[in-house]
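Take a look at the letters that make up each chain.
Protein chains: 2
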Amino acid sequence: MTADRITVAVDAMGGDHAPTQIVAGALAAVAELGVAVRCYGRAEEVVAHVPGGVLPDGFEIVDCREVIAMDDEPASAARRLKDSSVVRAAQAVRDGEADAMISAGNTGAAMAAALLRMGRVPGVARPAIAVPIPVPGSHPQILVDAGATVDAAPEWLVQFAQMGRVYARARFGLDAPTIGLLSNGEEAGKGDTLRKTVFDLLQDEPGFVGNVEGSDFMRPGRADVIVTDGFAGNVALKSIEAALRSLATMVFATLDANDAAREAAQVILPLLLDAAQAYDPDHTGGAVLLGVKGVCVISHGSSNAVAVVSAARVAEACVRADVVTQLRERVGRAG
Amino acid sequence: MTADRITVAVDAMGGDHAPTQIVAGALAAVAELGVAVRCYGRAEEVVAHVPGGVLPDGFEIVDCREVIAMDDEPASAARRLKDSSVVRAAQAVRDGEADAMISAGNTGAAMAAALLRMGRVPGVARPAIAVPIPVPGSHPQILVDAGATVDAAPEWLVQFAQMGRVYARARFGLDAPTIGLLSNGEEAGKGDTLRKTVFDLLQDEPGFVGNVEGSDFMRPGRADVIVTDGFAGNVALKSIEAALRSLATMVFATLDANDAAREAAQVILPLLLDAAQAYDPDHTGGAVLLGVKGVCVISHGSSNAVAVVSAARVAEACVRADVVTQLRERVGRAG
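Residue numbers (the working numbering), protein chains in the order written: chain H, -7 to 327; chain L, -7 to 327.
There could be a bad hint or two in this list.
To be verified - Label pairs and their computed distance ranges (CB to CB):
| id | chain 1 | residue 1 | chain 2 | residue 2 | range |
| --- | --- | --- | --- | --- | --- |
| 1 | L | Pro262 | H | Ala240 | 42 to 52 Å |
| 2 | H | Asp196 | L | Asp192 | 31 to 41 Å |
| 3 | H | Asp272 | L | Leu47 | 29 to 39 Å |
| 4 | L | Arg72 | H | Ala67 | 51 to 61 Å |
Stated by the list, open to error - Straight-line C-alpha distance at most 30 Å; calculated DSS-like pairs for lysine-lysine:
| id | chain 1 | residue 1 | chain 2 | residue 2 |
| --- | --- | --- | --- | --- |
| 5 | H | Lys74 | L | Lys285 |
| 6 | L | Lys182 | H | Lys74 |
| 7 | H | Lys285 | L | Lys74 |
| 8 | L | Lys74 | L | Lys285 |
| 9 | H | Lys182 | L | Lys285 |
| 10 | H | Lys74 | L | Lys74 |
| 11 | L | Lys285 | H | Lys285 |
| 12 | L | Lys74 | H | Lys182 |
| 13 | H | Lys182 | L | Lys182 |
| 14 | H | Lys285 | H | Lys74 |
Simulated from the structure, these hints should not be mistaken for laboratory data.
All residues carry an ideal CB built from backbone N, CA and C; glycine is no exception.
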């Protein structure tokens, strides 16, 4: 690893389409982004997906024998399976052998591995997952926390806001990101006990615009960063995905409803697929675990090679912007 | 009011398009559903929207002078404005002058009016809002609570499940509705402290299928009733609406992108609008406030006449199935 060429540790065994798509994506990241990749996994399985078995410059395989499955209990698996691909990738970041890690495997295991091996940024009480929510015609909103920390204390949500601001700056180059607190109404005074306390605590935070609602997702200009606890954030994120999937399925079925529709679809479908890229998580890039002492990008379980390249792009942006140092300097101590 | 003709009290002054669309919808409900309607509002404004000023049989205007605005603080407004259209409508149900009430105004005010005037069903600790979530090709899922009770105790969520079951039976004729607990993962053990406690309490409830996720919304066969607290439920509902609106906007823009697209749209658009009815809250009908001693249907703020008719249909179904008596008999005492 050098200052100008960034090295990404890739968990080659994590994800529904691992190792095939993960290795393909890792190779593409080397070719397209110019990053170096260390691929963690069973060497014989990884190399089987390298065309001709010839490793290109900047692509390295690190053999490790264990794999954490999607349905393994994350925390205990990460503690127990020390030679698993995801734990070894996290360890590589801690040991300076890589600048960032990427996993498309068991999200809880990736979090646990990052926490165990990298540890928390001093002063950060709890980590949070930052996920981009697509806003057509604008940069994405950053939802934080999308599932790392349920049962959050008010002070932790203030830190999530601060971390979200650092990340929105690093990722989208926003000078002064706006921050909204996800609530069940936009008026001050809306929300449960947690939200009301956090609302008061956020008054002093630069960029705080007050409460936002679920209806403010995907709407430009409302808030660059949307802060909530990991429970509500996870529910919101998956609800959005469910709605998009349902409506997209309906639209595609309509375009295939009869002969006339299928003919019209020849014009419409290419335009639609083009516009739909704005909604595609494979293109917006993965989630980032904020608050650990290293860059950890968590891509969705069904990641294909394109998603891995996007994740590598996010990892590179975080490393170049030195997000971890920014977090150390800009996140106030909780409590 | 008679046993065979149901009387609905309509808050004519509530909603973004009140009284025009509300009165039009009330008249349509009388004509199409054969219900009787008592329209609460400023008589001169209501009658101005009755064609020719001639009240049809079954349509009555009850003059009341006050109006609660969308941005009034709900609870205090409902207490203070005793002659407001929404409070008078709730009072009519309490006094037996109507079988059900409908409001498209300030949701909090409708809730407060119903609670103040009708009171709670004995044994029910807190009310909950039940909202239908469209599931194309199947009956809707019932999300409960969609925003009535934030800061919920575990026992209250158990009652929400029981109320949801009663309502799913009454509304969709389901013999044995399934119940899912909204969580941040489907495995047992997922969730925050509240969810973990509720999960254990729900083990004895008929139809409990365990945790469901945001990704299970709009998916047939997962759960007929999805139970959560009013904070998370409100976030989920509005997030779904935001995602649907964003994607629908994109699709319509694509159909208008260029001349070829506009020509193809002549075939596609009618099919699409037809299929989109499954997603239209104006057709699925309003939310119902469960746990009060009377039928209270809350329609969305932007309700048009069609939405008012749908709300009246829901009100009628609840009255015919005697949901209030069912709740009294089938909801266990909390705690």
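Now the hints, each set against the structure:
The hint said 42 to 52 Å for the Cβ distance between Pro262/L and Ala240/H, and at roughly 19 Å that hint is violated. One distance hint, 31 to 41 Å for the beta-carbon pair Asp196/H and Asp192/L, holds here, with the actual separation near 40 Å. At roughly 55 Å, the beta carbons of Asp272/H and Leu47/L sit outside the given window of 29 to 39 Å. Separation of Arg72/L from Ala67/H is about 52 Å and conforms to the stated range, judged on CB atoms against 51 to 61 Å.
A distance of roughly 59 Å separates the Cα atoms of Lys74/H and Lys285/L; the hinted pair therefore is violated under the 30 Å criterion. For a cut-off of 30 Å, the pair hint linking Lys182/L to Lys74/H stands: about 24 Å separates their Cα positions. Among the hinted pairs, Lys285/H with Lys74/L is inconsistent with the structure: their alpha-carbon atoms are about 59 Å apart, more than 30 Å. This hinted pair checks out: Lys74/L and Lys285/L have alpha carbons roughly 19 Å apart, not beyond 30 Å.
Of the supplied pair hints, the one linking Lys182/H and Lys285/L holds, its CA atoms being roughly 26 Å apart against a limit of 30 Å. Distance hint between Lys74/H and Lys74/L is unfulfilled; the C-alpha atoms sit about 68 Å from each other, more than 30 Å. Restraint check for Lys285/L and Lys285/H: the C-alpha separation of about 55 Å exceeds 30 Å, so the hint is violated. Only pairs whose Cα atoms come within 30 Å are accepted, and Lys74/L paired with Lys182/H is accepted, the gap being roughly 24 Å.
About 27 Å separates the Cα atoms of Lys182/H and Lys182/L, which keeps this hinted pair within 30 Å; it holds. Taking the CA atoms of Lys285/H and Lys74/H, the gap is near 19 Å; set against the 30 Å cutoff, the hint holds.
Violated hints for the displayed structure, listed by number in ascending order: 1, 3, 5, 7, 10 and 11.
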